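Protein sequence lines, in the order shown, are assigned to chains A and B. Counting from 1, one number per residue, gives the positions in the first sequence under my numbering. Counting from 1, one number per residue, gives the positions in the second sequence under my numbering.
Calculated directly from the structure, the hints in this document are not laboratory data. No experiment lies behind these values; they were computed from the predicted model shown. For each residue, glycine too, the CB sits at the ideal point set by N, CA and C. Watch out, some of these pointers could steer you wrong.
[Said to hold, decoys possible] Per label pair, the in silico range of CB-to-CB distance:
1) A:L134 to B:K89: 27 to 37 Å
2) B:A83 to A:V112: 37 to 47 Å
3) A:A105 to B:R56: 28 to 38 Å
4) B:D55 to A:V147: 28 to 38 Å
5) A:L84 to B:L52: 43 to 53 Å
6) B:M1 to A:L75: 12 to 22 Å
7) B:L80 to A:P85: 17 to 27 Å
8) B:A83 to A:R90: 37 to 47 Å
9) A:E142 to B:L80: 44 to 54 Å
10) B:N87 to A:F102: 33 to 43 Å
11) A:G159 to B:R56: 39 to 49 Å
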Amino acid sequence: MTEQIVFYLLAGVIALSAIGVVTLSNVMHSALCLGLSLAGVAGLFAVLGTDFIFAAQILVYVGGIAVLILFVVLLAGNNSGGKLPRQVNRQWLPALIICTAFIWAFYRITAVYAGSTVKLPPTASVRGIASIMLGEFAVPFELISIVLLASMTGAVLFGRRKPE
Amino acid sequence: MTLYHYLALSGLLFASGVFGVLTRRNIIGILMSIELMLNSANINFAAFNSYLYPDRPLGQVAVIFIITLAAAEVVVGLALVMAIYKNLKSVYAEDYNILKG
Chain A
1 MTEQIVFYLL
11 AGVIALSAIG
21 VVTLSNVMHS
31 ALCLGLSLAG
41 VAGLFAVLGT
51 DFIFAAQILV
61 YVGGIAVLIL
71 FVVLLAGNNS
81 GGKLPRQVNR
91 QWLPALIICT
101 AFIWAFYRIT
111 AVYAGSTVKL
121 PPTASVRGIA
131 SIMLGEFAVP
141 FELISIVLLA
151 SMTGAVLFGR
161 RKPE
Chain B
1 MTLYHYLALS
11 GLLFASGVFG
21 VLTRRNIIGI
31 LMSIELMLNS
41 ANINFAAFNS
51 YLYPDRPLGQ
61 VAVIFIITLA
71 AAEVVVGLAL
81 VMAIYKNLKS
91 VYAEDYNILK
101 G
């Protein structure tokens, strides 16, 4: 019962703030909605009992990515008060049709899993994650550090001032 | 709670992300919608892992990889947005036509 209440509260928060991200006209407001939605997804991970990615979601998404997007909105957001121009392009009706068709097809496909409730009580998963990451996923684990290094170098390269 | 609830929520999140990518004019809004889609994939991985394969956390490893790649992607994307904004003084995606020559 408690799990259902928590799940529906989190689902409401996530859905409403995700719709706010894509429909609000002020980019500042939609960035704040994005932070709320990411925090709601973190709460969903906690409900699922996946403890490590709950912490990683809070640290990386809510503490890193949302704050970074807020900084960029403050630097380049174009919201100098007054009336904002139109924030949605002319193709919103075909996009709405595409999304409705996608949701319908997705619900039809995933209806196979409507009855799967078998669930063990959640256990601490950090040890298992570590043994997988240093065992059979060791090569992707090292490759992803190269990707992070390359993205950091790319961000510095794009962000620096042009040498006159 | 069944697995279907989690999948339905992640489908809704993914569809709103697709809607944002297709309709937002602001390039930062498009980046935020991409983050929403990556999060819906994360919910799917975590839910499938804890409902169907609770003995090995392979799905959580995939979620960690996705989080890392999303961080890298958003860093490069926002650096590109800032570089374009310094040149064009615009955040709207339809103004970005300097590659046309």
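Do the Cβ positions of A:L84 and B:L52 conform to the proposed distance bound of 43 to 53 Å? 45 Å, holds
Against the range 28 to 38 Å, how does the distance between the Cβ atoms of B:D55 and A:V147 compare: consistent or not? 29 Å, holds
Quick one: are A:A105 and B:R56 within 28 to 38 Å, going by C-beta? Between A:A105 and B:R56, where Cβ atoms are some 30 Å apart, the hint holds.
Could you tell me whether the CB distance from A:E142 to B:L80 stays inside 44 to 54 Å? 26 Å, violated
Taking 39 to 49 Å as the stated bounds, is the beta-carbon spacing between A:G159 and B:R56 within them? 41 Å, holds
Could you say whether the range 37 to 47 Å given as a hint is met by the Cβ separation of B:A83 and A:R90? 28 Å, violated
With respect to the beta-carbon atoms only, verify the hint that B:N87 and A:F102 lie 33 to 43 Å apart. Because 35 Å falls inside the window, the suggested range holds.
Using the C-beta atoms of B:A83 and A:V112, is the stated range 37 to 47 Å upheld? Distance hint for B:A83, A:V112 holds at roughly 46 Å.
If I claimed the Cβ atoms of B:L80 and A:P85 lie 17 to 27 Å apart, would that claim hold in this structure? About 22 Å separates the Cβ atoms of B:L80 and A:P85, which means 17 to 27 Å holds.
For the range 12 to 22 Å, tell me whether the beta carbons of B:M1 and A:L75 fit it or not. Given a distance of about 41 Å, which is not inside 12 to 22 Å, the answer is violated.
Are A:L134 and B:K89 spaced within 27 to 37 Å by their CB atoms? 48 Å, violated
Violated hints, in rising order: 1, 6, 8 and 9; the structure is consistent with all others.
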